[in-house]
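Participant: Sequences listed follow chains A and B, in order.
Numbering-wise, the first sequence is residues 1 to 157 according to this note's numbering.
Numbering-wise, the second sequence is residues 158 to 433 according to this note's numbering.
Just so you know, these hints were derived from the structure itself, not from any lab.
Bear in mind that the values here come from a model prediction, so they are computed numbers and not experimental data.
Quick reminder that beta carbons are idealized off the backbone N, C-alpha and C, glycines included.
Take these hints with a grain of salt, some might be off.
Calculated Cβ distances over 10 Å to all of chain B for the following chain A residues [as the list claims (entries may be wrong)]:
1) Ser21
2) Val22
3) Ala42
4) Pro60
5) Gly61
6) Leu89
7) Ala91
8) Leu100
9) Leu110
10) Cys111
11) Gln113
12) Asp114
13) Ile138
Straight-line distance between alpha carbons at most 20 Å, and here's what the computed DMTMM-like set of lysine to aspartate or glutamate pairs gives [what the hints assert, rightly or not]:
14) Lys134/A <-> Glu376/B
15) Lys134/A <-> Asp175/B
16) Lys134/A <-> Glu425/B
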Amino acid sequence: MTGTAARTLGLLTDGLDGRLSVPPHEVAFPAGARIFDEGRPADRFWILLTGRVALDIEVPGGPPPVVETLGPGDLLGWSWFFPPHVWHLGAVSVDATRVLEYDAVAVRSLCEQDPALGYRVARAVGAVVGERLKATRIRLLDLYGPRVAGGLGTVGP
Amino acid sequence: MTVPVPHRVVRSTAETSDTTTVLLEPEGPGLAPFRPGQFAMMYAFGRGEAPISVSGWEPPGAGGSCGRLVHTVRAVGAVSAALRGLRPGDRVGVRGPYGTGWDLAAAEGCDVLVVAGGLGLAPLRPLVAELVDGPGRFGSCSVLVGARTPADLLYRGTLRTWAASPRVAVATTVDRPGPGWTGDVGVVTALLDRVAFHPPGTAAFVCGPEVMMRATARELVHRGVPAQRIQLSLERTMHCGTGHCGHCQLGPVLLCRDGPVVGWDRAERLLTVREL
Ligand SMILES: Cc1cc2nc3c(=O)[nH]c(=O)nc-3n(C[C@H](O)[C@H](O)[C@H](O)COP(=O)(O)OP(=O)(O)OC[C@H]3O[C@@H](n4cnc5c(N)ncnc54)[C@H](O)[C@@H]3O)c2cc1C
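Make the full structure from the sequences, and use the hints.
Facilitator: Okay, here's the thing in structure tokens:
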């Protein structure tokens with residue numbers, strides 16, 4: 001882990017360690033466990049230690065398609081930070097997964113009380129949201145599909 | 158301009174719905190040996206010529222010439238559709254080798270990252286073959302592959318063979334998973350978090366759509382990989398293949414002669430040139 005994931009982990013945890021009445025604790029999910037459902041209150045968040053988690057979205061008449069997978073070092077969940085504090089996607093473990101679980105309600109209230117900490121956490125969460133937005137925009141181009149100008153994987157029938 | 162050497166198709170294998178790999182045998186003396194990352198001008202008789210990377214070869218023929226050539230072609234227009242439609246026994250003209258090729262020697266002693274998007278895996282395949290089969294002159298080696306869907310992944314059998322090798326770690330991701338896909342979903346740069354490498358001592362080889370190559374190179378630089386150790390294959394349209402016609406000029410660079418493989422320290426500026 002050398003990139004965004006590692007930086008996020010540092011930014012988030014450095015400011016929080018030792019300041020939560022319920023300290024972050026390790027939780028294990030077996031493969032295939034649903035971690036949260038779309039539309040439910042976002043009252044926790046997790047940092048992945050091992051394994052992978054798939055983010056999915058409800059569609060009528062079939063299993064929820066996976067829109068992105070997360071791996072070690074990634075932040076699982078950012079909806080807890082922004083109103084209305086409700087998950088906008090679902091999450092299910094792909095492999096046996098270990099995570100560090102945080103009490104999001106407690107972190108939010110700490111951020112309200114301590115603006116310097118709040119700024120730090122906002123930067124960390126904002127960086128994750130920004131990275132995922134960038135990735136989503138690139139995927140919107142359907143780069144490997146038919147005809148976007150420029151490059152090998154781009155041409156199509 | 159050199160004359161195309163007639164080759165006969167020995168085998169053609171459908172990779173995906175629009176992409177086929179052909180194995181070609183020279184009808185007479187073969188071409189000079191290719192290096193990974195170089196390309197040939199392939200001439201579909203009566204249709205025209207297209208630059209196509211060499212995606213493999215079989216043992217060299219007599220007199221140091223290149224033996225059988227492997228090319229993977231995606232049908233996008235008249236020429237590539239004709240090449241994709243080649244069947245065993247068909248004839249095709251081939252000239253080459255052209256272009257700079259990957260500089261694997263520059264990666265000696267480094268961790269190696271190979272990052273491929275879509276058809277970009279074709280020119281990288283012979284490079285990975287050298288990493289897998291060659292003597293251990295490198296640190297950790299990782300192959301990261303992105304595709305549109307699981308069905309669009311090229312060389313699935315080869316990917317499995319590589320994944321079983323202790324020499325390389327292989328990670329794949331798709332934009333659109335289908336039922337039953339348990340691999341990763343997302344952009345290929347997200348796979349950089351799945352493999353171990355020491356950024357200042359890493360060399361990267363990147364090929365795919367330009368947007369993907371830019372995003373990958375920027376992310377690598379951001380993590381501390383030196384720009385000059387990131388090699389990209391700039392595969393914009395070209396015509397003569399020999400640096401004469403100027404069709405593939407990108408700024409001061411003639412891509413068929415000075416490329417297609419270019420370091421990110423030079424490519425970053427060039428990729429802002431829209432025309433071509
Ligand atoms: C160095 C190099 C290596 C290549 N290696 C391979 C390879 O291994 N396998 C393979 O299938 N293709 C490869 N290509 C691309 C291939 O040369 C083109 O797809 C082919 O020339 C298109 O010719 P056409 O007559 O079939 O289609 P055209 O009618 O010429 O073009 C059809 C559509 O594809 C677009 N297009 C054509 N060429 C390119 C390109 N280079 N980049 C982006 N868009 C393009 C056109 O703008 C048009 O929209 C490579 C190109 C280069 C420059």
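Participant: So which of those numbered hints doesn't the model satisfy?
Facilitator: Per hint list: 13, 15 violated.
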